[in-house]
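Peer 1: Got chain A sorted already, so can you dock chain B onto it with the hints?
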Amino acid sequence: MNRLCVTGLGIILLMVILGLLAPLIAGNPYKTDLKDRLEPPSLKHPFGTDQLGRDLFSRVLWGARTSLFVALTISLISMSLGCIIGAVSGYFGGIIDDVIGRIIDVFLAIPELVFNIALVGIFCVAYGVSTWNVILAVVITNWVSYARITRGIVLSLKEREFVLCAKAIGAGEWYILLRHVIPNSIGPIVVLATLNMGNVIMTIASLGFLGLGIQPPTPEWGQMINAGKDYITTAPWLTFFPGLFIALSVLGFNLLGEGLRDVLERKSFIE
Amino acid sequence: MLRYIARRLLQVIPTLFGVSLLSFSLLYLFPGDPAEFLAEVRYKIEPTPEIVERIRKQMGFDKPFLVQYLHWLSNVLRGNFGTSWTEGKPVMDLIMQRLPASAELFFATFAVSISFALFLGIISAIYKDRAVDHICRIFSLLGISIPSFWLGLILIWIFSVKLHLLPAFGYGGIEHMILPVLTWSFSFMAIKTRFVRSCLLEVLSQDYIVTARAKGLSERLVVLRHALRNALIPIITYFSLSIHHLIIGSIMVEVVFSWPGLGSLLVESVFERDFPVVQALVFLSGVLFVFVNLIVDILYAFIDPRIRYGD
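Same order as they appear, the protein sequences are chains A and B.
Each residue of the first sequence is one higher than the last, beginning at 27 in the working numbering.
Each residue of the second sequence is one higher than the last, beginning at 10 in the working numbering.
If a hint is listed, it holds; no wrong ones were tucked in.
Computed beta-carbon distance windows for the label pairs:
1) B:Y136 to A:V289: 22 to 30 Å
2) B:L75 to A:R128: 14 to 22 Å
3) B:F178 to A:L39: 34 to 42 Å
FYI, nobody ran anything at the bench for these hints, they're computed from the structure.
We put the beta carbon where it would ideally sit given N, CA and C, even for glycine.
Next comes chain B alone, as it looks inside the complex:
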């Protein structure tokens, strides 16, 4: 087991390295002179040649790419993402400020969409090719096709503008969370429902299910006790790996509902050209994915010994 974990850890290193290199090079795509930009935006001074030169020296923009990259990387490994260009605060502080709001929305959405996806997936597997199954399929196709930002605005129009039931935007109590979570879950659970259905159907076609049925077990017991348990492993993996969809969804939903999370921080930073923040967010989203992947793989190996001894 330890050897397996060690091997997976080693495999992750090149990817993490690549992610860091890619996020760092974003700054290099920055046109013109970052030192000049800093002088104007952050220090609000006329960018005379000597001031620009001083900032360049101070920020290390005059050093070769590789030196700058290694300097950045060694800081990042210590949790220091540099200073925001526009706010002058450490990037990490800005991120930590926004993290709780994002996390709240994230966990609420995850919980809601998992419950719905499991429920609808099980129902459509049991009633395969019946009316309920077709309705679920249409529902999941709509979920991936309807833009979440549009759905959010339509919900705002119905529940805030017309019915005056819920606040249209802002951050605070439970009532502020309902619309964002609803919007976000709708698109997120769509694909998951189909996946739960196909996993369950695959398990249901196996021999031990036939045995269980032959023993005379009730259909309910067969599905919930025998089939679902075995289908759960791929389902859990799939849910964890769909973290990308969650991050992408968070950007759109947070912007629509003016939710003060990391998604809206990214968009604001792009508009304000605050590139250290953009860099950090790109990097962290990549790292998050790699680590979730790693943890899922290790857990999987714990549950299923075939993987440990596989290759």
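Chain A with its partners taken away, still in its complex shape:
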């Protein structure tokens, strides 16, 4: 087993377990205690307390839940959307492919975060503040990378012998697409999805830091750093711990993604 994969998977599992067990091992992340404001890390509060006297350890662990859950939702939606659009575009070709190809080009031209910030800003005014704004805004930019990769794979797969054979024995277009083309493009898509999870977690945190992401009192790492940065001179732990967890989770997905890519490349090389 690849060392990168194992380390990455280990970090991700740790995050998932901490997130799942948050209700058991961490206290209430919403309980404020104004007598205990901005306490440094101690045995009672391992990561200290924040400006409202909330236990930072609980908030960071509950933050793992928020980030992983929202990132997973975004990834699943944009993956299904992007893969279907890309596969249809590459497989059917012709004018469909031209139009979809152009749309992909346009979305690739605008830097993701710039577009995300603009969209979240508008959604907040339009539909009020909610986590769905973040999910919707990130999905709108995120499907593109899946569509582009799937389209490329499908374009090369559709000329391969086994697809031509299936066609020759009279299999339908959609049957070939679903049974032969999509299962064979899983490898690179899994790599992309893993690396992309890291990107999405980073985007959620960035939006949170800018004050445009998931809103308080829901614990979210980026938003905690945004609140903590005003106390950087007196209470640096408010900035330090949430950021450490962002970095660790993104690192986990990047390690796993790079490891998977190494493994897959070696496999296709042997073939």
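Peer 2: Showing chain B alone in chain A's frame:
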């Protein structure tokens, strides 16, 4: 050559058109009545029906989507992005005001990160699979995983709060630039280092390198004179095309260090609901990418004739 340039220019037009359409439709996602919003925020008057109606007429909000879009586009082509909703100044003036600060930071970061990425990339290619290479790999993984805004705050804590060496934020002399450039370069050069390494390794595995070595050239000469030159083309392309990372990084770094550039302008405008400014910035960032792409392609064709006659 001219035919190639002409063809690439034609290919760019639909993308630019799409970018403009997408940025313009942002305004259409704006909920409620922009005329009412303008009355309250910009003219600070009670939005009575007749005033709202007048603003709507004056701004053209009553016209169909396509008419408004074409009107906007024809203005944009003349460099007019309309008037800011909150400041009442032309959007272009606001952008030009903020551009120098962004550009300063941008070029400094680009220079610093290219030098470091080249240096580290070459070293890890030469010492492939040795300790130095592994350290560089860990370093680049950390670079993409550590949020730049967090790194910025940690650097502020170390160098401004604890050591009192550098200012924490603001715009001015060289000392103000050190922390932002350091923060920004760290994340930007991470991926680039890996790319330099793999490009160089690919070139180093080619036959003419074996020949050069067989001739008895020193390893230093082989790498720097023979391999690096050929690896430079994809490296330069990749650097130019990673302009997206730079723009995205600029937003976070500028906000952390209160740097008065375009990134912080975008965030401020979103908070103030100044949508003409948001629209213009989204549009311009897309256009910038398309043009950088185009220029790189044309330069590439100049250097490498295979591309011109390729398809």
